[in-house]
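Here is what each chain is made of, one letter per residue.
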Amino acid sequence: MTPLKRRAIVNRLMNFLAGTAALLVLLPLVLVLGFLVYQGGSSLNLEFFTHMPKPVGEAGGGMANAIVGTLILIALACCVGLPIGILGGLYLAESRDPRLPWVVRFLADVLNGVPSIVIGIFAYTLVVLPMRRFSALAGGLALGVIMIPIVLRTTEEIVRLVPASLREAGLALGLPNWKVTVRIVLVTARAGIVTGVMVAIARIAGETAPLLFTAFGNRFWHSGLDQPVAALALQVFAYAISPFDDWHRQAWAGALVLISMVFLVSLAARLATRGIQRQTR
Amino acid sequence: MIEVDAGRGGAAHGVPLPRAFFLTPRGSLWGDRVFQGVVYASVGLFVLVMVGIVWALVVESMPAMRRFGLAFVIGQEWDPVKEAFGALPFIYGTLVSSLVGMFIAVPLGIGAAIYLAELAPFWARSPIGFLIELLAAVPSVVYGLWGIFVLAPFLRNWIEPVLGRALGFLPLFQGPPYGVGMLAAGLILSIMTVPFIATVSREVLLAVPNTQREAALALGATRWETTWMAVLRYGRSGLVGAVLLGLGRALGETMAVTMVIGNRPEIALSLFAPGYTMASVLANEFTEATSDVYLSALVYIGLLLLAVTVIVNSAARLLVWSVGGTVKGIRE
Amino acid sequence: MTRPSMLAVKRAMGLALAGFWLSAVALPAAAMAQTLMNGAGATFPYPLYSKWFDEYTKVDPSVRFNYQSIGSGGGIRQISERTVDFGASDGPMTDDQLKKAPAELLHIPTVLGAVVATYNLPGNPTLRFSGDVLADIFLGKITSWDDGKIKSLNSGVSLPKTPIVVVHRSDGSGTTYIWVDYLSKISREWEEKVGRGTSVKWPAGLGGKGNEGVAGQIKNTPGALGYVELAYAITNKLPAASVKNAAGKFIEPTIATTTAAAAGAANNMPADFRVSLTNAPGDTAYPIASFTWLLVYKEQPNEAKGRLLTKFLWWAIHDGQKYPSDLLYAPLPAPVVKQIEAKVKQISFHGKPLVAVR
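Protein chains in written order, with the working numbering: chain S, 1 to 281; chain E, 1001 to 1332; chain A, 2001 to 2358.
Because the hints were derived from the structure by calculation, they are not lab data. Any given hint could turn out to be false.
In silico DSS-like links for lysine-lysine, alpha-carbon gap of 25 Å or less [said to hold, decoys possible]:
{"#": "1", "chain 1": "A", "residue 1": "K2237", "chain 2": "E", "residue 2": "K1082"}
{"#": "2", "chain 1": "A", "residue 1": "K2058", "chain 2": "S", "residue 2": "K54"}
{"#": "3", "chain 1": "A", "residue 1": "K2100", "chain 2": "S", "residue 2": "K54"}
{"#": "4", "chain 1": "E", "residue 1": "K1082", "chain 2": "A", "residue 2": "K2099"}
{"#": "5", "chain 1": "A", "residue 1": "K2237", "chain 2": "S", "residue 2": "K54"}
{"#": "6", "chain 1": "E", "residue 1": "K1082", "chain 2": "A", "residue 2": "K2100"}
{"#": "7", "chain 1": "A", "residue 1": "K2151", "chain 2": "A", "residue 2": "K2305"}
{"#": "8", "chain 1": "A", "residue 1": "K2141", "chain 2": "E", "residue 2": "K1082"}
Pairwise CB distance ranges, derived in the manner of DEER restraints [claimed, not checked]:
{"#": "9", "chain 1": "A", "residue 1": "D2326", "chain 2": "S", "residue 2": "L129", "range": "36 to 44 Å"}
{"#": "10", "chain 1": "S", "residue 1": "E47", "chain 2": "E", "residue 2": "R1067", "range": "50 to 58 Å"}
{"#": "11", "chain 1": "E", "residue 1": "V1150", "chain 2": "A", "residue 2": "P2301", "range": "42 to 50 Å"}
{"#": "12", "chain 1": "E", "residue 1": "R1165", "chain 2": "A", "residue 2": "T2126", "range": "51 to 59 Å"}
{"#": "13", "chain 1": "S", "residue 1": "A75", "chain 2": "E", "residue 2": "R1067", "range": "41 to 49 Å"}
{"#": "14", "chain 1": "A", "residue 1": "A2304", "chain 2": "E", "residue 2": "A1084", "range": "43 to 51 Å"}
{"#": "15", "chain 1": "S", "residue 1": "M52", "chain 2": "E", "residue 2": "V1150", "range": "40 to 48 Å"}
{"#": "16", "chain 1": "A", "residue 1": "P2301", "chain 2": "S", "residue 2": "E47", "range": "35 to 43 Å"}
{"#": "17", "chain 1": "S", "residue 1": "L17", "chain 2": "E", "residue 2": "P1161", "range": "25 to 33 Å"}
Cβ atoms here follow ideal geometry from the backbone N, Cα and C, with glycine treated the same way.
The whole structure should be built from the sequences, with the hints applied where relevant.
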């Protein structure tokens, strides 16, 4: 076989394998979504989105407060996670210092591996105990801290890949350093950073353990950001581990709603930050 | 790697660059100072948070450290009633389940990323990319229950008997097929980490400048060779970052793992056997820990998990560095 | 997308965001008219408590109870830290835990639950067990379903030669406490080797997370044997074995036999209600039953909240007792209710009892 032919075969084979990999990755999603739809699809109706939970045995009831609660918690988490994550990532990608970035990167990798329950306990000690009550703020803090390493590392990797030529062009035009960073580098890296943020949001939207001791959960509408707040992941958890089929169905429906919510937020963020496509493609 | 000047990325390398980000000249602009301050403040806050977490863990685990010392790390007994605690089975379980998970997730994740970034038809890229991201949004309790009701029975009835018969001479595949156990935990972990690896890798690959690809193609490379030589090599450190992100998830995952791993604090060579991970035992027993020593022993396990994360991360970086990669992102 | 429509999309999203924040801030204002009482603790009574709190808003619309099931240990910890208004636990607090609390805590029993031995065998036979056989199985001494000891208790049933896959709880729980408490009472060997606790070192078997995890594990594993709360066995359509009680009779776990366990113990009830009901005396008493308690401070820190809380407790032990059976819990027997009344009357603010006796 000629080398050319061999290379052509390898090419075909590798393309095929890559496609298979993508398919295999999607397989569990299809299975899990199928499981959720099959088990919980029947519970999804308008009432689910507009009503509060009902005790077991009574028909109906929904997760309206949990849906809103999750959105609130994600928003609060972003207030903590986005600034620290993006600015930290910028720092790691741009700094010439030999030691501090190494330490920061190392700490970020460590934080990434800390189980979410430990972060929840940290937020509990920091916010709940002094305030003597559970609150959405504590929950937002816990989730925000979980977000940080994902946003930070993703931002770093993406910003690092922005070509120097863009930066040089900006400086050559007389822009101050910070403007070059914000208006050129960040904008170019925008799509990648948004993806990192979306992955982080997807992660925290499904977290239960850190919320048990911080946001706590609420059967009713929250009465303030310094009060307990309901969350979809918490509600899904509480229903899923109960003995009742009706609640199970609602749990699966809730999980479907959660995944759809993340999907919609992701879509919205992509649309909002669309614009100049990457300079490099 | 194809060296093309115009395409070089990053700010830290030998080419003389305009003044570096953090060396501002005298009489520098007010905007620069403020921005710098804000960035340093964020970094400082982050370091503070991390130090806070580590410090809290150390303080809380002091009683157990004093009582058990380093023997805790190699102790194999976990008896809350008699207050005899040892972490070795959990360390083993965490390492093995994460290893199995990564073993499956890394090739699949990077393969999928390559497909999405390079090979897929344009109309399919966004939808498939989106779907992969959604995998990260599924709550872990859902993965756990899906694991008990769908995955474990499937493993017990179809996969494990076949593996046992075909590869049963290896100690890895011996023992009765329970369905739940190390293999199930590894599979669930791989499903949970693959979206991180795939998504971030895809972004890294997409950010590789086109000039690299064009240069390779101009030299007569096939599609795959372009990907391998030009794109993957260029984005290598980014890919390592993506894998480490997934690894962190695998090491710290609690809920889904504890539902399918069998929760037996014993060390067994077989993948079919039940096991226990550090994150699982922490989550399982923390809220109900009755005595102070018990609680402290659990926090000690949390601290050890941190140590394991550090060691595994460092080992991964060392591995990549030793096969010729760079881990700080300097493009060579 | 063209420029103008991009702008329109961005405007729409901006509006949605503003609307969202407004609702996040404004809605609470509407909810603030009522008093919110927070409680945390055991997962076992969660379905019943959610029913109670829902019904109670009809009795007293000025208060809302928000109960979250974070586990008995979590409940004990939170009430000790005073981050919640009341706690709930499936297991009584230990002396150490009571000492650590800033003030005296009262245990108020609310309802009873039964822990049943459940299993997965072909044909779903109804089996009988005695305490020592169960202890031996969980100790790993009896490993096969066709063991002589099991056969001698179940002469009419054909038992297969399959190995027993023991399933227990991996997470610390009151259910486990009840189970091992019973085994400790019956088997000296269990008491010495394993002992009592919300988490123990299990000599054999797999750990499932939560009652649901154990039930799911058993359902999907032929030959499995484990323990779950009665409600989980019933709703998962798993069989529940009859167990030999202190009087020597084989008792089926039902709501009636569970209540009988508490009635049997009524004569020797300790004043603080921290009692174990396992292996209770009485012909019809099911031997693996227990109270679940609400934990409240004897001296309430806030008079208005304390009054609302005591009013609820009074309702719970009287009118509230008509709800448990539908949800597969066992109501309190009448003699015990009388004793609890005396306890509830002790809850006070600055020494003054808060309950308004009708």
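For each hint, the structure was consulted:
1. Between A:K2237 and E:K1082, the direct Cα distance comes to roughly 36 Å. Violation of the 25 Å bound is thereby established for this hinted pair.
2. The suggested pairing of A:K2058 with S:K54 holds, with an alpha-carbon distance near 14 Å, which does not exceed 25 Å.
3. Restraint check for A:K2100 and S:K54: not satisfied, since their Cα atoms lie roughly 36 Å apart, outside the 25 Å limit.
4. Restraint check for E:K1082 and A:K2099: satisfied, since their Cα atoms lie roughly 22 Å apart, inside the 25 Å limit.
5. With a C-alpha separation of about 24 Å, the suggested pair A:K2237 and S:K54 falls inside the 25 Å cut-off, and the hint holds.
6. Of the supplied pair hints, the one linking E:K1082 and A:K2100 holds, its CA atoms being roughly 21 Å apart against a limit of 25 Å.
7. Between A:K2151 and A:K2305 the alpha-carbon distance is near 57 Å, which puts this suggested pair outside the 25 Å criterion.
8. Taken as a hint, the A:K2141 and E:K1082 pair is honoured in the structure, with Cα atoms around 21 Å apart against an allowance of 25 Å.
9. Between A:D2326 and S:L129, the C-beta spacing of about 39 Å keeps the proposed range 36 to 44 Å intact.
10. In this structure the supplied range 50 to 58 Å holds for S:E47 paired with E:R1067, their Cβ-Cβ distance being about 55 Å.
11. At roughly 49 Å, the beta carbons of E:V1150 and A:P2301 sit within the given window of 42 to 50 Å.
12. Hint check: E:R1165 to A:T2126, Cβ distance near 36 Å, so the stated range 51 to 59 Å is violated.
13. Distance hint check for S:A75 and E:R1067: the Cβ-Cβ separation is about 44 Å, which falls inside the suggested range of 41 to 49 Å.
14. The given range of 43 to 51 Å is respected by A:A2304 and E:A1084, whose C-beta atoms sit roughly 48 Å from each other.
15. Checked against the hint of 40 to 48 Å, the pair S:M52 and E:V1150 fails, with Cβ atoms roughly 31 Å apart.
16. In this structure, A:P2301 and S:E47 meet the distance hint of 35 to 43 Å, their C-beta atoms being roughly 39 Å apart.
17. The given range of 25 to 33 Å is respected by S:L17 and E:P1161, whose C-beta atoms sit roughly 28 Å from each other.
In summary, the structure is inconsistent with hints 1, 3, 7, 12 and 15 from the numbered list given earlier, while agreeing with the others.
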